[in-house]
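Residue numbers (the UniProt record's numbering): 1 to 525.
If you are wondering where the hints come from, they were derived from the structure by calculation, not from laboratory data. Note that the structure is a prediction, hence the values are computed from the model and not measured. Certain hints may be false.
Label-pair restraints from in silico Cβ distances [unchecked claim]:
| id | residue 1 | residue 2 | range |
| --- | --- | --- | --- |
| 1 | L523 | R382 | 36 to 42 Å |
| 2 | A484 | A439 | 20 to 26 Å |
| 3 | S339 | T197 | 36 to 42 Å |
| 4 | C414 | D458 | 17 to 23 Å |
| 5 | A428 | S360 | 27 to 33 Å |
| 6 | R469 | L288 | 39 to 45 Å |
| 7 | E509 | T468 | 21 to 27 Å |
Even glycine gets a Cβ: it sits at the ideal position worked out from N, Cα and C.
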Amino acid sequence: MENCSTPRCPLPRQFTRKETLQARVDPTCVMLTATPPSEPNMEHPGALVGDAVFEQPDDGVDSVTVDGAEGVSEALHSDDILQHIMSALASLGTRELAARSAARQVCRAWREIHDLVVDRLEPRHLMVPSADFWGRFRAVHTFASHRCTQVTNDTLGLLRSFPKLSCVHLFGCMRIDEKGLQQLPIGLTSLQLSNCTLLNDDGLHAVLSCQPSLKKLELCWCAKISDRAMQAVQKCSQLTDIDLEGTFGVGDKGILQAAALPLLQTLGVAWNSRISDTGLRHLAATALQLTSLNAKGCSKITDAGIAALGELTRLRTLDISQCKQLTCGALASLRPLCSLTELNLRELRSLTNDSLSSLSGLMQLKCLNLAWCTRVNWRGLRHLSGLCDLTELQLAGLELAGADLPNETPHPLCILVSLVVLNIRESAEHDDAFLRSLAPLRRLTHLSVSRCGQITDDGIASIVRQFTRLEVLDLSWCGLVTDAGVASLTSLPVLRKVDLAYCRRVTTEGRDLLRQRAAPIELES
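Using the sequences and the hints given, assemble the complete structure.
So this is what it looks like as C-alpha coordinates:
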(Lines of atoms letter the chains of each structure in order from A; the text may use other names.)
(Lines give C-alpha, C1' and ligand atoms only; values in the text may rest on other atoms or scores of the structure.)
Protein backbone atom coordinates (compact mmCIF):
# COMPACT_ATOMS: atom_id res chain seq x y z
CA MET A 1 0.00 0.00 0.00
CA GLU A 2 1.11 3.51 -0.71
CA ASN A 3 1.53 5.90 2.15
CA CYS A 4 -1.40 7.97 3.33
CA SER A 5 -0.59 10.68 5.84
CA THR A 6 -3.66 10.48 8.07
CA PRO A 7 -6.50 8.01 8.61
CA ARG A 8 -9.58 9.31 6.88
CA CYS A 9 -12.88 7.74 5.93
CA PRO A 10 -15.80 9.37 4.10
CA LEU A 11 -18.52 7.40 5.86
CA PRO A 12 -20.46 8.34 9.02
CA ARG A 13 -20.14 5.74 11.72
CA GLN A 14 -22.36 4.40 14.48
CA PHE A 15 -21.41 1.43 16.65
CA THR A 16 -23.05 -0.66 19.31
CA ARG A 17 -21.40 -1.51 22.60
CA LYS A 18 -20.90 -5.07 21.38
CA GLU A 19 -19.06 -4.19 18.19
CA THR A 20 -15.59 -3.13 17.26
CA LEU A 21 -15.41 -1.18 14.04
CA GLN A 22 -12.21 -0.70 12.14
CA ALA A 23 -11.92 1.73 9.28
CA ARG A 24 -8.83 1.28 7.17
CA VAL A 25 -8.06 3.53 4.24
CA ASP A 26 -5.21 3.83 1.80
CA PRO A 27 -5.16 5.53 -1.59
CA THR A 28 -6.69 2.50 -3.28
CA CYS A 29 -8.85 0.75 -0.67
CA VAL A 30 -11.43 1.56 1.99
CA MET A 31 -12.25 -1.23 4.43
CA LEU A 32 -14.70 -1.27 7.34
CA THR A 33 -14.66 -4.19 9.76
CA ALA A 34 -16.87 -4.81 12.77
CA THR A 35 -16.06 -7.62 15.19
CA PRO A 36 -17.37 -8.61 18.62
CA PRO A 37 -15.19 -7.83 21.67
CA SER A 38 -14.17 -11.50 21.75
CA GLU A 39 -12.40 -11.02 18.43
CA PRO A 40 -10.05 -8.10 19.05
CA ASN A 41 -8.39 -6.55 16.05
CA MET A 42 -5.35 -4.53 17.10
CA GLU A 43 -2.78 -5.12 14.40
CA HIS A 44 -1.00 -1.80 14.76
CA PRO A 45 0.29 0.07 17.82
CA GLY A 46 -1.82 2.95 19.05
CA ALA A 47 -2.51 5.13 22.05
CA LEU A 48 -4.84 3.21 24.34
CA VAL A 49 -7.67 5.29 25.77
CA GLY A 50 -10.04 3.05 27.68
CA ASP A 51 -11.49 0.78 25.02
CA ALA A 52 -10.63 3.15 22.19
CA VAL A 53 -7.47 2.94 20.15
CA PHE A 54 -6.60 5.86 17.93
CA GLU A 55 -3.93 4.41 15.72
CA GLN A 56 -1.09 6.21 14.06
CA PRO A 57 0.13 5.67 10.49
CA ASP A 58 2.33 2.59 10.23
CA ASP A 59 4.07 1.71 6.98
CA GLY A 60 1.36 3.27 4.87
CA VAL A 61 -1.60 1.57 6.58
CA ASP A 62 -3.87 4.01 8.39
CA SER A 63 -6.72 2.89 10.58
CA VAL A 64 -8.97 3.82 13.44
CA THR A 65 -10.19 1.14 15.80
CA VAL A 66 -12.86 1.82 18.39
CA ASP A 67 -14.14 -0.83 20.77
CA GLY A 68 -17.41 -0.81 22.68
CA ALA A 69 -17.50 0.97 25.99
CA GLU A 70 -17.76 -2.05 28.28
CA GLY A 71 -14.86 -2.21 30.69
CA VAL A 72 -13.80 1.44 30.47
CA SER A 73 -12.45 2.37 33.89
CA GLU A 74 -13.93 5.11 36.05
CA ALA A 75 -10.70 7.08 35.76
CA LEU A 76 -11.10 7.35 32.02
CA HIS A 77 -14.54 8.92 32.46
CA SER A 78 -12.95 11.95 34.06
CA ASP A 79 -14.32 15.08 32.38
CA ASP A 80 -10.86 16.65 32.28
CA ILE A 81 -9.33 13.67 30.51
CA LEU A 82 -12.22 13.32 28.09
CA GLN A 83 -12.21 17.02 27.24
CA HIS A 84 -8.51 16.76 26.49
CA ILE A 85 -9.13 13.79 24.18
CA MET A 86 -12.04 15.42 22.37
CA SER A 87 -10.25 18.73 22.00
CA ALA A 88 -7.33 16.92 20.39
CA LEU A 89 -9.72 15.27 17.95
CA ALA A 90 -11.49 18.56 17.26
CA SER A 91 -8.20 20.16 16.27
CA LEU A 92 -7.96 17.67 13.41
CA GLY A 93 -11.03 19.20 11.76
CA THR A 94 -12.81 17.37 8.97
CA ARG A 95 -9.65 15.45 8.18
CA GLU A 96 -10.38 13.00 11.02
CA LEU A 97 -14.08 12.36 10.57
CA ALA A 98 -13.72 8.64 11.29
CA ALA A 99 -11.89 9.13 14.58
CA ARG A 100 -14.25 11.88 15.76
CA SER A 101 -17.39 9.98 14.88
CA ALA A 102 -16.02 6.81 16.46
CA ALA A 103 -15.07 8.58 19.68
CA ARG A 104 -18.59 9.95 20.03
CA GLN A 105 -20.04 6.44 19.87
CA VAL A 106 -17.88 4.80 22.56
CA CYS A 107 -20.36 5.47 25.37
CA ARG A 108 -22.76 8.08 26.75
CA ALA A 109 -20.07 9.91 28.74
CA TRP A 110 -17.84 10.21 25.71
CA ARG A 111 -20.78 11.40 23.60
CA GLU A 112 -21.72 14.16 26.07
CA ILE A 113 -18.18 15.52 26.26
CA HIS A 114 -17.80 15.23 22.50
CA ASP A 115 -20.89 17.35 21.88
CA LEU A 116 -19.59 20.05 24.22
CA VAL A 117 -16.23 20.29 22.51
CA VAL A 118 -16.77 19.25 18.89
CA ASP A 119 -19.38 20.32 16.39
CA ARG A 120 -21.73 17.38 15.90
CA LEU A 121 -21.03 15.23 12.86
CA GLU A 122 -24.01 14.64 10.61
CA PRO A 123 -24.35 12.59 7.41
CA ARG A 124 -25.05 15.81 5.53
CA HIS A 125 -21.45 16.87 6.21
CA LEU A 126 -20.31 13.95 4.09
CA MET A 127 -22.72 14.63 1.24
CA VAL A 128 -21.25 18.04 0.40
CA PRO A 129 -18.71 17.72 -2.44
CA SER A 130 -15.30 18.94 -1.34
CA ALA A 131 -12.23 18.83 -3.54
CA ASP A 132 -10.01 18.72 -0.46
CA PHE A 133 -11.90 15.79 1.07
CA TRP A 134 -12.98 13.65 -1.86
CA GLY A 135 -9.82 14.31 -3.82
CA ARG A 136 -7.99 11.96 -1.48
CA PHE A 137 -10.05 9.03 -2.77
CA ARG A 138 -9.81 9.46 -6.52
CA ALA A 139 -7.68 6.32 -6.82
CA VAL A 140 -9.83 4.06 -4.61
CA HIS A 141 -10.74 0.87 -6.46
CA THR A 142 -11.98 -1.35 -3.59
CA PHE A 143 -14.58 -0.83 -0.87
CA ALA A 144 -15.06 -3.60 1.70
CA SER A 145 -17.41 -3.78 4.68
CA HIS A 146 -17.29 -6.80 6.99
CA ARG A 147 -20.14 -7.26 9.47
CA CYS A 148 -20.79 -3.52 9.73
CA THR A 149 -24.49 -3.68 10.49
CA GLN A 150 -24.88 0.10 10.37
CA VAL A 151 -23.94 0.35 6.70
CA THR A 152 -27.18 1.25 4.89
CA ASN A 153 -28.48 1.95 1.41
CA ASP A 154 -27.60 5.62 1.87
CA THR A 155 -24.02 4.64 2.64
CA LEU A 156 -23.71 2.89 -0.71
CA GLY A 157 -24.95 6.02 -2.43
CA LEU A 158 -21.75 7.76 -1.36
CA LEU A 159 -19.64 5.31 -3.33
CA ARG A 160 -20.45 7.09 -6.58
CA SER A 161 -17.90 9.64 -5.41
CA PHE A 162 -15.15 7.09 -6.10
CA PRO A 163 -14.66 7.37 -9.88
CA LYS A 164 -12.29 4.38 -10.14
CA LEU A 165 -14.24 2.01 -7.89
CA SER A 166 -14.28 -1.49 -9.39
CA CYS A 167 -14.66 -3.86 -6.41
CA VAL A 168 -17.36 -3.79 -3.69
CA HIS A 169 -17.23 -6.46 -1.00
CA LEU A 170 -20.09 -6.52 1.53
CA PHE A 171 -20.29 -9.25 4.16
CA GLY A 172 -23.06 -9.39 6.74
CA CYS A 173 -24.48 -5.98 5.84
CA MET A 174 -28.03 -6.85 6.83
CA ARG A 175 -29.56 -3.45 6.07
CA ILE A 176 -28.61 -3.47 2.40
CA ASP A 177 -31.19 -4.28 -0.27
CA GLU A 178 -31.63 -3.67 -3.99
CA LYS A 179 -32.31 0.05 -3.49
CA GLY A 180 -28.83 0.57 -2.12
CA LEU A 181 -27.13 -1.77 -4.55
CA GLN A 182 -28.69 0.03 -7.52
CA GLN A 183 -26.84 3.16 -6.41
CA LEU A 184 -23.45 1.49 -6.90
CA PRO A 185 -21.30 2.91 -9.69
CA ILE A 186 -21.65 1.20 -13.05
CA GLY A 187 -18.61 -0.70 -14.25
CA LEU A 188 -17.82 -2.88 -11.23
CA THR A 189 -15.76 -5.99 -11.95
CA SER A 190 -16.14 -7.68 -8.54
CA LEU A 191 -19.26 -7.74 -6.35
CA GLN A 192 -19.39 -9.80 -3.14
CA LEU A 193 -22.69 -9.80 -1.23
CA SER A 194 -22.19 -12.61 1.26
CA ASN A 195 -24.74 -12.94 4.06
CA CYS A 196 -26.68 -9.87 2.90
CA THR A 197 -29.97 -11.29 4.11
CA LEU A 198 -32.29 -8.72 2.49
CA LEU A 199 -31.10 -9.44 -1.03
CA ASN A 200 -33.73 -11.34 -3.03
CA ASP A 201 -34.32 -12.46 -6.62
CA ASP A 202 -35.78 -9.14 -7.79
CA GLY A 203 -32.93 -7.26 -6.17
CA LEU A 204 -30.29 -9.36 -7.89
CA HIS A 205 -31.97 -8.85 -11.26
CA ALA A 206 -31.95 -5.09 -10.69
CA VAL A 207 -28.32 -5.03 -9.60
CA LEU A 208 -26.86 -7.21 -12.33
CA SER A 209 -28.70 -5.34 -15.07
CA CYS A 210 -26.53 -2.34 -14.17
CA GLN A 211 -23.22 -4.22 -14.06
CA PRO A 212 -22.42 -5.63 -17.52
CA SER A 213 -18.66 -5.65 -16.82
CA LEU A 214 -18.90 -7.89 -13.76
CA LYS A 215 -16.31 -10.70 -13.64
CA LYS A 216 -16.69 -11.97 -10.08
CA LEU A 217 -19.97 -12.48 -8.17
CA GLU A 218 -20.25 -13.85 -4.65
CA LEU A 219 -23.66 -14.58 -3.09
CA CYS A 220 -22.68 -16.85 -0.18
CA TRP A 221 -25.38 -17.50 2.43
CA CYS A 222 -27.95 -15.24 0.78
CA ALA A 223 -31.05 -17.15 1.86
CA LYS A 224 -33.54 -15.34 -0.41
CA ILE A 225 -31.72 -16.06 -3.66
CA SER A 226 -33.27 -18.85 -5.76
CA ASP A 227 -33.01 -20.43 -9.21
CA ARG A 228 -35.07 -17.58 -10.66
CA ALA A 229 -32.41 -15.07 -9.66
CA MET A 230 -29.75 -17.02 -11.50
CA GLN A 231 -31.37 -16.04 -14.80
CA ALA A 232 -29.95 -12.59 -14.15
CA VAL A 233 -26.37 -13.78 -14.46
CA GLN A 234 -26.90 -14.11 -18.21
CA LYS A 235 -26.80 -10.30 -18.30
CA CYS A 236 -23.16 -10.44 -17.20
CA SER A 237 -21.43 -12.26 -20.02
CA GLN A 238 -17.98 -11.39 -18.63
CA LEU A 239 -18.48 -13.42 -15.44
CA THR A 240 -15.63 -15.83 -14.74
CA ASP A 241 -16.14 -16.52 -11.02
CA ILE A 242 -19.40 -17.28 -9.15
CA ASP A 243 -19.63 -18.41 -5.52
CA LEU A 244 -23.00 -19.67 -4.23
CA GLU A 245 -21.82 -21.33 -1.01
CA GLY A 246 -24.70 -21.90 1.38
CA THR A 247 -27.25 -20.33 -0.98
CA PHE A 248 -29.82 -23.06 -0.42
CA GLY A 249 -32.43 -21.63 -2.78
CA VAL A 250 -30.27 -22.35 -5.81
CA GLY A 251 -30.57 -25.87 -7.23
CA ASP A 252 -29.79 -27.73 -10.43
CA LYS A 253 -31.76 -25.26 -12.59
CA GLY A 254 -29.67 -22.40 -11.26
CA ILE A 255 -26.48 -24.31 -12.00
CA LEU A 256 -27.68 -24.75 -15.58
CA GLN A 257 -27.94 -20.96 -15.90
CA ALA A 258 -24.45 -20.46 -14.48
CA ALA A 259 -22.95 -23.18 -16.66
CA ALA A 260 -24.11 -21.36 -19.79
CA LEU A 261 -21.79 -18.42 -19.13
CA PRO A 262 -19.16 -18.54 -21.88
CA LEU A 263 -16.21 -17.44 -19.69
CA LEU A 264 -17.04 -19.22 -16.43
CA GLN A 265 -13.89 -20.66 -14.83
CA THR A 266 -14.61 -20.87 -11.09
CA LEU A 267 -17.83 -22.09 -9.46
CA GLY A 268 -18.58 -22.60 -5.78
CA VAL A 269 -21.70 -24.47 -4.61
CA ALA A 270 -20.46 -25.68 -1.21
CA TRP A 271 -22.96 -26.75 1.45
CA ASN A 272 -25.88 -26.73 -0.95
CA SER A 273 -28.29 -29.56 -0.23
CA ARG A 274 -30.25 -28.97 -3.48
CA ILE A 275 -27.37 -29.55 -5.88
CA SER A 276 -27.48 -33.10 -7.21
CA ASP A 277 -25.87 -35.22 -9.91
CA THR A 278 -28.11 -33.46 -12.44
CA GLY A 279 -26.43 -30.14 -11.71
CA LEU A 280 -22.98 -31.67 -12.19
CA ARG A 281 -24.09 -33.14 -15.50
CA HIS A 282 -25.15 -29.65 -16.62
CA LEU A 283 -21.65 -28.42 -15.82
CA ALA A 284 -19.95 -31.30 -17.59
CA ALA A 285 -22.02 -30.75 -20.72
CA THR A 286 -21.72 -26.97 -20.92
CA ALA A 287 -18.93 -25.45 -18.81
CA LEU A 288 -16.00 -27.20 -20.48
CA GLN A 289 -13.73 -24.27 -19.69
CA LEU A 290 -14.21 -24.68 -15.90
CA THR A 291 -10.94 -24.77 -13.94
CA SER A 292 -12.18 -24.75 -10.32
CA LEU A 293 -15.19 -26.39 -8.64
CA ASN A 294 -16.05 -26.36 -4.95
CA ALA A 295 -18.85 -28.83 -4.14
CA LYS A 296 -17.91 -29.34 -0.50
CA GLY A 297 -20.67 -30.77 1.68
CA CYS A 298 -23.22 -31.23 -1.13
CA SER A 299 -25.13 -34.10 0.43
CA LYS A 300 -27.03 -35.19 -2.72
CA ILE A 301 -24.00 -35.73 -4.93
CA THR A 302 -23.17 -39.38 -5.64
CA ASP A 303 -20.52 -41.27 -7.59
CA ALA A 304 -22.59 -40.79 -10.77
CA GLY A 305 -22.25 -37.02 -10.52
CA ILE A 306 -18.48 -37.24 -10.01
CA ALA A 307 -18.26 -39.54 -13.03
CA ALA A 308 -19.78 -36.76 -15.15
CA LEU A 309 -16.99 -34.41 -14.08
CA GLY A 310 -14.53 -36.53 -16.03
CA GLU A 311 -15.45 -34.40 -19.05
CA LEU A 312 -14.03 -31.27 -17.40
CA THR A 313 -10.44 -31.96 -18.37
CA ARG A 314 -9.34 -28.38 -17.64
CA LEU A 315 -10.19 -28.65 -13.93
CA ARG A 316 -7.25 -27.69 -11.75
CA THR A 317 -8.98 -27.39 -8.36
CA LEU A 318 -11.68 -29.75 -7.08
CA ASP A 319 -13.22 -29.88 -3.60
CA ILE A 320 -15.65 -32.76 -2.96
CA SER A 321 -14.91 -33.04 0.75
CA GLN A 322 -17.68 -34.07 3.16
CA CYS A 323 -19.97 -35.29 0.36
CA LYS A 324 -21.39 -38.10 2.44
CA GLN A 325 -22.71 -40.30 -0.37
CA LEU A 326 -19.43 -40.67 -2.23
CA THR A 327 -17.67 -44.04 -2.23
CA CYS A 328 -14.40 -45.45 -3.55
CA GLY A 329 -15.90 -45.42 -7.04
CA ALA A 330 -15.80 -41.62 -7.07
CA LEU A 331 -11.99 -41.65 -7.11
CA ALA A 332 -11.88 -43.91 -10.14
CA SER A 333 -13.86 -41.24 -12.01
CA LEU A 334 -11.13 -38.68 -11.36
CA ARG A 335 -8.53 -40.44 -13.52
CA PRO A 336 -9.23 -38.32 -16.65
CA LEU A 337 -8.61 -35.10 -14.70
CA CYS A 338 -4.89 -35.04 -15.37
CA SER A 339 -4.66 -31.25 -14.94
CA LEU A 340 -5.69 -31.30 -11.27
CA THR A 341 -3.29 -29.48 -8.97
CA GLU A 342 -5.50 -29.32 -5.84
CA LEU A 343 -7.84 -32.06 -4.62
CA ASN A 344 -9.80 -32.04 -1.35
CA LEU A 345 -11.22 -35.39 -0.22
CA ARG A 346 -11.53 -34.56 3.48
CA GLU A 347 -13.90 -36.75 5.50
CA LEU A 348 -14.77 -39.15 2.69
CA ARG A 349 -14.86 -41.96 5.22
CA SER A 350 -15.62 -44.71 2.72
CA LEU A 351 -12.26 -44.32 0.96
CA THR A 352 -9.83 -47.21 1.43
CA ASN A 353 -6.12 -47.73 0.89
CA ASP A 354 -6.73 -49.44 -2.46
CA SER A 355 -8.96 -46.63 -3.72
CA LEU A 356 -6.01 -44.20 -3.60
CA SER A 357 -4.48 -46.05 -6.54
CA SER A 358 -6.84 -44.00 -8.72
CA LEU A 359 -4.81 -40.90 -7.82
CA SER A 360 -1.49 -42.27 -9.02
CA GLY A 361 -1.93 -40.80 -12.50
CA LEU A 362 -2.62 -37.24 -11.34
CA MET A 363 0.99 -36.25 -11.88
CA GLN A 364 0.40 -32.48 -11.59
CA LEU A 365 -1.17 -32.72 -8.14
CA LYS A 366 0.39 -30.28 -5.66
CA CYS A 367 -2.10 -30.20 -2.77
CA LEU A 368 -4.01 -33.22 -1.47
CA ASN A 369 -6.33 -33.36 1.54
CA LEU A 370 -7.10 -36.80 2.99
CA ALA A 371 -7.83 -35.62 6.53
CA TRP A 372 -10.26 -37.84 8.42
CA CYS A 373 -10.49 -40.44 5.67
CA THR A 374 -10.31 -42.83 8.57
CA ARG A 375 -9.99 -46.07 6.60
CA VAL A 376 -6.73 -44.88 5.03
CA ASN A 377 -3.36 -45.59 6.69
CA TRP A 378 0.31 -45.82 5.70
CA ARG A 379 -0.42 -48.57 3.17
CA GLY A 380 -2.59 -46.24 1.11
CA LEU A 381 0.18 -43.65 0.91
CA ARG A 382 2.26 -46.06 -1.17
CA HIS A 383 -0.02 -45.24 -4.12
CA LEU A 384 1.11 -41.59 -3.96
CA SER A 385 4.79 -42.34 -4.49
CA GLY A 386 4.74 -41.15 -8.10
CA LEU A 387 3.31 -37.71 -7.30
CA CYS A 388 6.65 -35.93 -7.51
CA ASP A 389 5.15 -32.40 -7.47
CA LEU A 390 3.12 -32.91 -4.27
CA THR A 391 3.99 -30.07 -1.88
CA GLU A 392 1.06 -30.08 0.58
CA LEU A 393 -0.47 -33.13 2.26
CA GLN A 394 -3.24 -33.01 4.87
CA LEU A 395 -3.46 -36.27 6.86
CA ALA A 396 -5.12 -35.20 10.12
CA GLY A 397 -6.79 -38.01 12.02
CA LEU A 398 -5.02 -40.84 10.17
CA GLU A 399 -2.95 -43.56 11.84
CA LEU A 400 0.31 -43.47 9.91
CA ALA A 401 2.99 -44.64 12.33
CA GLY A 402 3.21 -48.06 10.65
CA ALA A 403 3.91 -50.31 13.60
CA ASP A 404 3.57 -53.24 11.19
CA LEU A 405 5.87 -51.67 8.58
CA PRO A 406 8.63 -54.19 7.67
CA ASN A 407 11.99 -53.51 9.31
CA GLU A 408 14.28 -51.07 7.50
CA THR A 409 11.54 -50.26 4.99
CA PRO A 410 11.24 -46.48 4.45
CA HIS A 411 7.94 -44.99 5.47
CA PRO A 412 5.83 -44.21 2.36
CA LEU A 413 5.78 -40.54 3.36
CA CYS A 414 9.55 -40.35 2.98
CA ILE A 415 9.27 -40.86 -0.77
CA LEU A 416 7.37 -37.57 -1.08
CA VAL A 417 10.51 -35.47 -0.72
CA SER A 418 8.92 -32.37 -2.32
CA LEU A 419 6.54 -31.90 0.62
CA VAL A 420 6.58 -28.41 2.10
CA VAL A 421 3.38 -28.55 4.19
CA LEU A 422 2.51 -31.65 6.24
CA ASN A 423 -0.39 -32.04 8.67
CA ILE A 424 -0.31 -35.28 10.71
CA ARG A 425 -2.21 -34.02 13.74
CA GLU A 426 -4.54 -35.96 16.02
CA SER A 427 -3.11 -39.47 16.12
CA ALA A 428 -2.47 -41.53 19.21
CA GLU A 429 0.17 -43.56 17.34
CA HIS A 430 2.49 -40.75 16.28
CA ASP A 431 5.50 -40.67 18.59
CA ASP A 432 9.17 -39.68 18.64
CA ALA A 433 10.21 -42.68 16.56
CA PHE A 434 7.68 -41.77 13.87
CA LEU A 435 9.07 -38.25 13.65
CA ARG A 436 12.60 -39.64 13.27
CA SER A 437 11.41 -41.79 10.37
CA LEU A 438 10.41 -38.64 8.45
CA ALA A 439 14.00 -37.38 8.21
CA PRO A 440 14.07 -37.32 4.36
CA LEU A 441 11.38 -34.60 4.28
CA ARG A 442 13.97 -31.85 4.57
CA ARG A 443 11.99 -29.27 2.59
CA LEU A 444 9.22 -28.98 5.18
CA THR A 445 8.34 -25.41 6.15
CA HIS A 446 4.98 -26.11 7.86
CA LEU A 447 4.38 -29.04 10.21
CA SER A 448 1.41 -29.83 12.48
CA VAL A 449 1.62 -32.57 15.12
CA SER A 450 -1.14 -31.12 17.30
CA ARG A 451 -2.80 -33.59 19.70
CA CYS A 452 -0.12 -36.24 19.11
CA GLY A 453 0.10 -37.05 22.79
CA GLN A 454 3.13 -39.36 22.64
CA ILE A 455 5.55 -36.76 21.28
CA THR A 456 8.15 -35.69 23.85
CA ASP A 457 11.20 -33.44 23.95
CA ASP A 458 13.13 -36.11 22.06
CA GLY A 459 10.68 -35.74 19.19
CA ILE A 460 11.19 -31.98 19.24
CA ALA A 461 14.94 -32.57 19.02
CA SER A 462 14.35 -34.68 15.90
CA ILE A 463 12.29 -31.87 14.37
CA VAL A 464 15.08 -29.37 15.04
CA ARG A 465 17.74 -31.66 13.62
CA GLN A 466 15.85 -32.75 10.50
CA PHE A 467 13.66 -29.84 9.40
CA THR A 468 15.97 -26.84 9.31
CA ARG A 469 13.69 -24.94 6.91
CA LEU A 470 10.73 -25.06 9.28
CA GLU A 471 8.80 -21.79 9.55
CA VAL A 472 5.51 -22.80 11.24
CA LEU A 473 5.12 -25.57 13.86
CA ASP A 474 1.90 -26.64 15.62
CA LEU A 475 2.54 -28.43 18.93
CA SER A 476 -0.79 -27.62 20.57
CA TRP A 477 -2.08 -30.25 23.00
CA CYS A 478 1.27 -32.11 23.03
CA GLY A 479 1.16 -32.63 26.77
CA LEU A 480 4.59 -34.26 27.18
CA VAL A 481 6.58 -31.38 25.68
CA THR A 482 8.46 -29.30 28.28
CA ASP A 483 10.56 -26.14 28.44
CA ALA A 484 13.63 -28.13 27.41
CA GLY A 485 12.04 -29.13 24.12
CA VAL A 486 10.81 -25.61 23.48
CA ALA A 487 14.28 -24.20 24.17
CA SER A 488 15.73 -26.33 21.37
CA LEU A 489 13.39 -24.65 18.87
CA THR A 490 15.37 -21.42 19.16
CA SER A 491 18.07 -22.96 16.95
CA LEU A 492 15.72 -23.24 13.95
CA PRO A 493 16.94 -20.33 11.82
CA VAL A 494 13.71 -19.34 10.03
CA LEU A 495 11.07 -20.44 12.54
CA ARG A 496 8.52 -17.64 12.89
CA LYS A 497 5.40 -19.16 14.46
CA VAL A 498 4.77 -21.88 17.07
CA ASP A 499 1.47 -23.01 18.57
CA LEU A 500 1.91 -24.16 22.19
CA ALA A 501 -1.75 -24.00 23.23
CA TYR A 502 -2.54 -26.48 26.02
CA CYS A 503 1.06 -27.68 26.32
CA ARG A 504 0.64 -27.93 30.08
CA ARG A 505 4.29 -28.63 30.85
CA VAL A 506 5.56 -25.56 29.02
CA THR A 507 5.88 -22.67 31.46
CA THR A 508 5.90 -18.92 30.95
CA GLU A 509 9.70 -19.05 31.10
CA GLY A 510 9.77 -21.54 28.24
CA ARG A 511 7.55 -19.36 26.10
CA ASP A 512 9.67 -16.31 26.88
CA LEU A 513 12.71 -18.09 25.45
CA LEU A 514 11.04 -18.02 22.04
CA ARG A 515 9.85 -14.44 22.36
CA GLN A 516 13.31 -13.21 23.35
CA ARG A 517 15.12 -14.74 20.40
CA ALA A 518 16.92 -12.28 18.13
CA ALA A 519 14.23 -12.96 15.51
CA PRO A 520 11.13 -13.22 17.76
CA ILE A 521 8.79 -16.15 17.23
CA GLU A 522 5.04 -15.56 17.17
CA LEU A 523 3.34 -17.72 19.78
CA GLU A 524 -0.16 -19.14 19.87
CA SER A 525 -0.96 -20.26 23.39
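Here is how each hint holds up against the structure:
1. One distance hint, 36 to 42 Å for the beta-carbon pair L523 and R382, holds here, with the actual separation near 37 Å.
2. About 21 Å separates the C-beta atoms of A484 and A439, a value consistent with the hinted range of 20 to 26 Å.
3. About 38 Å separates the C-beta atoms of S339 and T197, a value consistent with the hinted range of 36 to 42 Å.
4. Range check, C414 to D458: about 19 Å between beta-carbon atoms, so the 17 to 23 Å window is met.
5. For the hinted restraint 27 to 33 Å between A428 and S360, the CB-CB distance of approximately 29 Å keeps it satisfied.
6. Taking 39 to 45 Å as the suggested C-beta distance range, the pair R469 and L288 conforms, at roughly 40 Å.
7. For the hinted restraint 21 to 27 Å between E509 and T468, the CB-CB distance of approximately 25 Å keeps it satisfied.
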